[in-house]
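Got chain D; can you put chain W on it based on the hints?
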Amino acid sequence: MANTIKVNGTAHNVDVDGDTPLLWVLRDVLGMTGTKFGCGMALCGACTVHVDGVASRSCITPVDSIGTSGITTIEAIGATAAGAKIQKAWLDREVVQCGYCQSGQIMSASALLASNPHPTDADIDDAMSGNICRCGTYVRIREAIKQAAQSNRQGG
Amino acid sequence: MILDHITSGSAGSVRSSANSVSRRGFLQAGVAAGGGLMLSLSLPLANGEAEAADADGFAPNAFIRIVGDGRIVLTMPYVEMGQGTYTSIPMLIAEELEVDLKQVQVEHAPPNEKLYANPLLGVQATGNSNAIRGAWQPLRQAGAVARTMLVSAAAKRWNVDPTSCRPQSGEVFHAPTGRRIKYGELAADAARLPVPENVALKQPKDFKVIGTPAKRLDAPAKVNGTAVYGIDVRPPGVKVATLAQSPVFGGRVKNVDDAAAKAVKGVRQIVRLDDAVAVVADHMGAAKKGLAALVIEWDDGPHAKLDTDDILHELERATQNPGAVAQNIGDIDKAMASAITKVEATYQVPFLAHATMEPMNCTVHVRKDGCEVWVGNQVLARAQAAAAKTAGLPLGKVVVHNHLIGGGFGRRLEIDGVIRAVEIAKQVDGPVKVVWTREEDIQHDMYRPFFFDRISAGLDGKGMPIAWNHRFAGSSIIARWAPPLFTNGLDPDTTEGAIDLAYALPNLHVEYLRVEPPGIPTAFWRSVGPSHNVFVTEGFMDELAAAAKQDAVAYRRALLDKSPRAKAVLELVAEKAGWGQPLPDRVGRGVSLQFVFATYMAQVAEVEVSTDGEVRVRRVVCAVDCGTIVNPDTVRAQIQSAIMFGLTAALYGKISLKDGRVEQTNFDTYQILRINEAPAIEIHIVQNSEPPGGMGEAGTSAVAPAVTNAIFAATGKRLRKLPIDTTALKQRA
Numbered sequence: 001m002a003n004t005i006k007v008n009g010t011a012h013n014v015d016v017d018g019d020t021p022l023l024w025v026l027r028d029v030l031g032m033t034g035t036k037f038g039c040g041m042a043l044c045g046a047c048t049v050h051v052d053g054v055a056s057r058s059c060i061t062p063v064d065s066i067g068t069s070g071i072t073t074i075e076a077i078g079a080t081a082a083g084a085k086i087q088k089a090w091l092d093r094e095v096v097q098c099g100y101c102q103s104g105q106i107m108s109a110s111a112l113l114a115s116n117p118h119p120t121d122a123d124i125d126d127a128m129s130g131n132i133c134r135c136g137t138y139v140r141i142r143e144a145i146k147q148a149a150q151s152n153r154q155g156g
Numbered sequence: 001m002i003l004d005h006i007t008s009g010s011a012g013s014v015r016s017s018a019n020s021v022s023r024r025g026f027l028q029a030g031v032a033a034g035g036g037l038m039l040s041l042s043l044p045l046a047n048g049e050a051e052a053a054d055a056d057g058f059a060p061n062a063f064i065r066i067v068g069d070g071r072i073v074l075t076m077p078y079v080e081m082g083q084g085t086y087t088s089i090p091m092l093i094a095e096e097l098e099v100d101l102k103q104v105q106v107e108h109a110p111p112n113e114k115l116y117a118n119p120l121l122g123v124q125a126t127g128n129s130n131a132i133r134g135a136w137q138p139l140r141q142a143g144a145v146a147r148t149m150l151v152s153a154a155a156k157r158w159n160v161d162p163t164s165c166r167p168q169s170g171e172v173f174h175a176p177t178g179r180r181i182k183y184g185e186l187a188a189d190a191a192r193l194p195v196p197e198n199v200a201l202k203q204p205k206d207f208k209v210i211g212t213p214a215k216r217l218d219a220p221a222k223v224n225g226t227a228v229y230g231i232d233v234r235p236p237g238v239k240v241a242t243l244a245q246s247p248v249f250g251g252r253v254k255n256v257d258d259a260a261a262k263a264v265k266g267v268r269q270i271v272r273l274d275d276a277v278a279v280v281a282d283h284m285g286a287a288k289k290g291l292a293a294l295v296i297e298w299d300d301g302p303h304a305k306l307d308t309d310d311i312l313h314e315l316e317r318a319t320q321n322p323g324a325v326a327q328n329i330g331d332i333d334k335a336m337a338s339a340i341t342k343v344e345a346t347y348q349v350p351f352l353a354h355a356t357m358e359p360m361n362c363t364v365h366v367r368k369d370g371c372e373v374w375v376g377n378q379v380l381a382r383a384q385a386a387a388a389k390t391a392g393l394p395l396g397k398v399v400v401h402n403h404l405i406g407g408g409f410g411r412r413l414e415i416d417g418v419i420r421a422v423e424i425a426k427q428v429d430g431p432v433k434v435v436w437t438r439e440e441d442i443q444h445d446m447y448r449p450f451f452f453d454r455i456s457a458g459l460d461g462k463g464m465p466i467a468w469n470h471r472f473a474g475s476s477i478i479a480r481w482a483p484p485l486f487t488n489g490l491d492p493d494t495t496e497g498a499i500d501l502a503y504a505l506p507n508l509h510v511e512y513l514r515v516e517p518p519g520i521p522t523a524f525w526r527s528v529g530p531s532h533n534v535f536v537t538e539g540f541m542d543e544l545a546a547a548a549k550q551d552a553v554a555y556r557r558a559l560l561d562k563s564p565r566a567k568a569v570l571e572l573v574a575e576k577a578g579w580g581q582p583l584p585d586r587v588g589r590g591v592s593l594q595f596v597f598a599t600y601m602a603q604v605a606e607v608e609v610s611t612d613g614e615v616r617v618r619r620v621v622c623a624v625d626c627g628t629i630v631n632p633d634t635v636r637a638q639i640q641s642a643i644m645f646g647l648t649a650a651l652y653g654k655i656s657l658k659d660g661r662v663e664q665t666n667f668d669t670y671q672i673l674r675i676n677e678a679p680a681i682e683i684h685i686v687q688n689s690e691p692p693g694g695m696g697e698a699g700t701s702a703v704a705p706a707v708t709n710a711i712f713a714a715t716g717k718r719l720r721k722l723p724i725d726t727t728a729l730k731q732r733a
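Chains as they are written, first to last, in the working numbering: chain D, 1 to 156; chain W, 1 to 733.
Just chain D, same shape as in the assembly (with noise of 0.2 Å):
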């Protein structure tokens, strides 16, 4: 059956199974690949993207289950300004390695930001920790959050 997803702001129809996940939609259909699978089962959040401003794992997310919801993915998160300050931040502090999750990361960290200017070790303790880095970048991670948060206060 075909669905009409709108993705980073542009409508496109799908003619897959509705019970399909978004992830391979995006990736195998759209051709977006910087959203990245780890586990399928919601259980790294390499997968993350933006349905409406939520941090969702698209790993499980069926496609029909969107609706009109507005999805952004990694390609456009930086024209968001928590985007773009957590990608500055990413780059300051040097985050990546591998860099294979970082799509996801970046994605939790920037619905983080969004909803919460300015968060705690707890909060991003509770935001980031169904992020999986096999590189171990927590520290940085956590570091750069905390800078991003920080050009909020500046106003920045």
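By construction, these hints were calculated from the structure, which means they are not laboratory data.
Note that the structure is a prediction, hence the values are computed from the model and not measured.
Incorrect hints may have been included.
[As the list claims (entries may be wrong)] Cut-off 25 Å, straight-line C-alpha distance, at most; resulting in silico cross-link-like pairs (DSS-like, lysine-lysine): (1) D:Lys6 with W:Lys102; (2) W:Lys102 with W:Lys215; (3) W:Lys717 with W:Lys730; (4) D:Lys146 with W:Lys215.
[To be verified] Pairwise CB distance ranges, derived in the manner of DEER restraints: (5) W:Gln427 with D:Gly53: 41 to 49 Å; (6) W:Asp369 with D:Asp15: 33 to 41 Å; (7) D:Ser129 with W:Ala304: 37 to 45 Å; (8) W:Asn676 with D:Gly53: 41 to 49 Å; (9) W:Ala728 with D:Asp121: 29 to 37 Å.
[What the hints assert, rightly or not] Which stretches of chain W does chain D cover? Using the computed rule of at least three CB atoms under 8 Å from a CB of chain D, they are: (10) 353-360; (11) 658-672.
Beta carbons are placed, not taken as given, at the ideal position from N, Cα and C, and that holds for glycine.
Positioned in the frame of chain D, the structure of chain W alone reads:
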């Protein structure tokens, strides 16, 4: 540096030029395909065997090209998997060539064992924490030679004395007249000059690039979703396949009912192999749904009843007999007989999966006349050879495109995934991307071996060790992966960290028994030998200190008079960690010290154990002496990373088998440390100008014993088995 330029085929023209260059010495200059200066260099081989084996003799191993438009192209024999090698190796060239790091452009080297063999491994591989160690001298030399020739070319053109010319920022400057000329404009002239025999390398005091925290050049593409990993490739018309392999190693497909799978929308084809079934579909969602709909009957084969305990018992039995002698210093029997106190223990570590965040994948297009492979792999030449053999094609008909690697840790030093993907692709018309589910990735990994250790020591009247006797059994990866390096029952990897302790031990005896687990494939895993040996030796050293009723740091320090660098990192870590300062009840500090991968490292872990046994690692302090540092931020990043990796293994890591099947499936049963569990990490670097040591793996092996020693300090419970068994740490009411 420009990363989006990377294509694996782009160095092909350079390769053919190099082959026509005769052996003239260490460095060769020639005219690059683009008309500029090309330098190829022969990295010194560790054992000389690979060079001797080559009838043509000259085996250049990396290339610098300076092209007419001024671009400096480095063909990289090392692959980027997060360790920062695409930044640190170009730094060596940029330093000596006097160019900005941004001017150095990196290309993946194509598969070519002759040209791009790792000087310390003898095969084209990225691993063993040795990229900087291998490249340190020769790549700087290559840069210095190029610089010297460019200056000579400029001096000749201006008819001035070369010593009056100065290289700076990619051009040659003639101070007396203020003239300057860009490298690109000199490249063609320089290529016609003789290669100087001796060139001076820059003095460390003059370094402008080496030693600076240069920014990672691969980072921007990794924060905006544009970086292309193997799993992201999409050749036109590509289908996506996923697979089920025999749940028991060595089993076979008996029967497949694929009617329901074929009915799934988007499923195109079912591929049946001897020991696996794959579903080919328009997208991974359909492939997974099809796979779930398959009804597969398996013939489990000879290992159907295998349990982890069977393997443990076999290793235990094996260590009752002597093994190959890996180290023998002094007279162990005599020393043991004269000891006042004897301490004995057994240790064990489990099988471990790599669980790279990018699941195993490989994209292949097999045609009648050739085969294309897209993959992120640490051993490209092997990947090419395996694809050719599996496809039944000559080597020259196989093109391998390498890509960024979403985590290696040793997993991608193997080619099993390439072989499997080619087997499937042979039955598919058009390109097919084979993607392992996380469950397949974990249950069909090639695992860090299970090891069992018996260790004993004899102490003198003061409690100091006069005899150290260590015997262990487990799989040898080297024996399979590089058979010539397995000699007299030993290999250098499996014993690293056991035979070369920093401590002065007058009577030291180490034996190894190679025992391969039935059917279970084993492979390198971040700091293979040390990940096992340092846990045992540093846990046991802690036991000796406790037996002697001495402080764990003071006891170790007393054995380090002949190893000043080891002593320095131990003292530094103790000071920075506040060793000896009081801690609350059920909180403890533990120390570890090691010399592996040519790097000295000491760690102190501060660990809290709750009354119900839960372990929280609050803080890890690390002191490191890895000699000369190319990029201090990379060193810090690698230590942070390696500590989290080692901690994950210490707390959770275990692959176990029941009825021949791996019991763990996904990140719920094979847990990875998360941000809320991550300790604070403090890193203290000892600055010196010793040759560089390896950095990618050392942090992993040091952390487990620091943590278990801290648990002993907190609870009095000595843990000799990983992962940490929290039930043993519960406080009895």
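Hints and how they fare:
1. D:Lys6 with W:Lys102: violated, 38 Å
2. W:Lys102 with W:Lys215: Holds: W:Lys102 and W:Lys215 sit about 10 Å apart, inside 25 Å.
3. W:Lys717 with W:Lys730: holds, 10 Å
4. D:Lys146 with W:Lys215: Holds, at about 20 Å.
5. W:Gln427 with D:Gly53: 41 to 49 Å: Once the Cβ atoms are compared, 45 Å apart, the range 41 to 49 Å for D:Gly53 and W:Gln427 holds.
6. W:Asp369 with D:Asp15: 33 to 41 Å: This hint holds: roughly 34 Å between Cβ atoms.
7. D:Ser129 with W:Ala304: 37 to 45 Å: holds, 39 Å
8. W:Asn676 with D:Gly53: 41 to 49 Å: violated, 23 Å
9. W:Ala728 with D:Asp121: 29 to 37 Å: Holds: the Cβ-Cβ distance is about 30 Å, inside 29 to 37 Å.
10. 353-360: Holds, because 5 residues of the segment 353-360 of chain W bring their Cβ atoms closer than 8 Å to Cβ atoms of chain D.
11. 658-672: With 4 residues in contact (Cβ-Cβ under 8 Å with chain D), the coverage given for the segment 658-672 of chain W holds.
Consistency note: the structure conflicts with the earlier hints numbered 1, 8.
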